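Chemist: For the sequence shown, the working numbering assigns the number 318 to the last residue and increments by one with no breaks.
Because the hints were derived from the structure by calculation, they are not lab data.
Fair warning: this is a prediction, and the values are worked out from it, not measured in the lab.
Careful, some of the hints might be misleading.
Okay, the calculated beta carbon distance ranges per label pair [as the list claims (entries may be wrong)]: (1) Arg-309 x Ala-36: 55 to 61 Å; (2) Glu-20 x Pro-185: 39 to 45 Å; (3) Arg-253 x Ile-11: 40 to 46 Å; (4) Glu-142 x Glu-20: 44 to 50 Å; (5) Pro-56 x Gly-176: 48 to 54 Å; (6) Arg-216 x Ala-55: 51 to 57 Å; (7) Glu-142 x Ile-11: 22 to 28 Å; (8) Gly-42 x Gln-194: 56 to 62 Å.
Don't be surprised by glycine CBs; every beta carbon is placed ideally from N, CA and C.
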Amino acid sequence: MSRIVDPLIGDLQHEHAEAVRGGRVWRSRAIQIAAWIAFGKVLAICTWRDDLAPRNWTIAERRAIVKTATASILLIIAITALFEIPPMERAGVWWAPHGLRTRLLLALIPQALVISITVGAALGIVLAIGGRVFSRRVAEGVVLLAVVASALSFVNMGWVVPAANQAFRVTLSGRTDVPKGPPELTLGELRQAIGAGERQPFQPPARFFGDASRYLRDIKLQYHSRWALSFSPMVFALLILSIGAGGFPRRWVLGIAAVGAILGYYLLLFVGRPSVFAGTMPAYVSAWAPNVTFGLIATFLTLRRIRSSVDDEPTR
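Taking the hints into account, I'd like the entire structure generated from these sequences.
Modeler: Below is the structure:
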């Protein structure tokens, strides 16, 4: 703070004040933007150098992170495989020719990953560090892994899933002119469809029976749900870390809490959908409600843990 952060902020404040006194409004705004970028850059460099760099980690901390990543990846693979069974059963293609069956299975993987990344990452954290006291560095490493999982989930839901869904439908029907529905639209296409629907009347797909407003609410819900679900691995990582901080007496207790939170999350995600389609609730409220709810729970538990730690410190 004394050698790097305080001088950095002082210099930027001085440059900004000089620009304001000189009447250079745009110059002062540019300095302010540059200040935030420079501060973020310095903070990231210092955090990596002093805390997250591999040389600073103990063997036990490295083992905990590797174990978390390994358990999460294995669980994601297993859950993805299980989630592929129901749609293949519904399509009735288990006895189809090998090449066709393989293409359909591959096309279903991105769709299964929508849930398996979140569930696998959450349970992987429980298996790796549940029931143990973990250091702040391990918690930071777990959050970093969750950020990577959220980024992969965002790319998957934004672009890979729509293309895979359309490929599945085309392969199954044997036609190349299968029209796209909302699940087959990328994030960019959903945003364009929302903009077009709000500007002028349009003809919705046949399955919406000509109800343009219902179709517009559906694509809005698709759009906001994909954004919200992308953050779910990070939300669950923070929740599990806040519950498990200080160590749980039994790993299975944390496991039950994690499973209950997962079920509650997806239940809350679908509770508001009828209200969205009825036009009584905005799509973004329904989509983001689970993240906000569990984020607030994680924040409350973390603040409570911090307060408890402060109260337990001996008075000097």
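Chemist: Each hint: holds or not?
Modeler: The hints, checked one at a time:
{"no.": "1", "hint": "Arg-309 x Ala-36: 55 to 61 Å", "verdict": "violated, 37 Å"}
{"no.": "2", "hint": "Glu-20 x Pro-185: 39 to 45 Å", "verdict": "violated, 54 Å"}
{"no.": "3", "hint": "Arg-253 x Ile-11: 40 to 46 Å", "verdict": "holds, 44 Å"}
{"no.": "4", "hint": "Glu-142 x Glu-20: 44 to 50 Å", "verdict": "violated, 37 Å"}
{"no.": "5", "hint": "Pro-56 x Gly-176: 48 to 54 Å", "verdict": "holds, 52 Å"}
{"no.": "6", "hint": "Arg-216 x Ala-55: 51 to 57 Å", "verdict": "holds, 53 Å"}
{"no.": "7", "hint": "Glu-142 x Ile-11: 22 to 28 Å", "verdict": "holds, 23 Å"}
{"no.": "8", "hint": "Gly-42 x Gln-194: 56 to 62 Å", "verdict": "violated, 31 Å"}
Violation of the numbered hints given earlier is confined to hints 1, 2, 4, 8; the remaining hints are satisfied by the structure.
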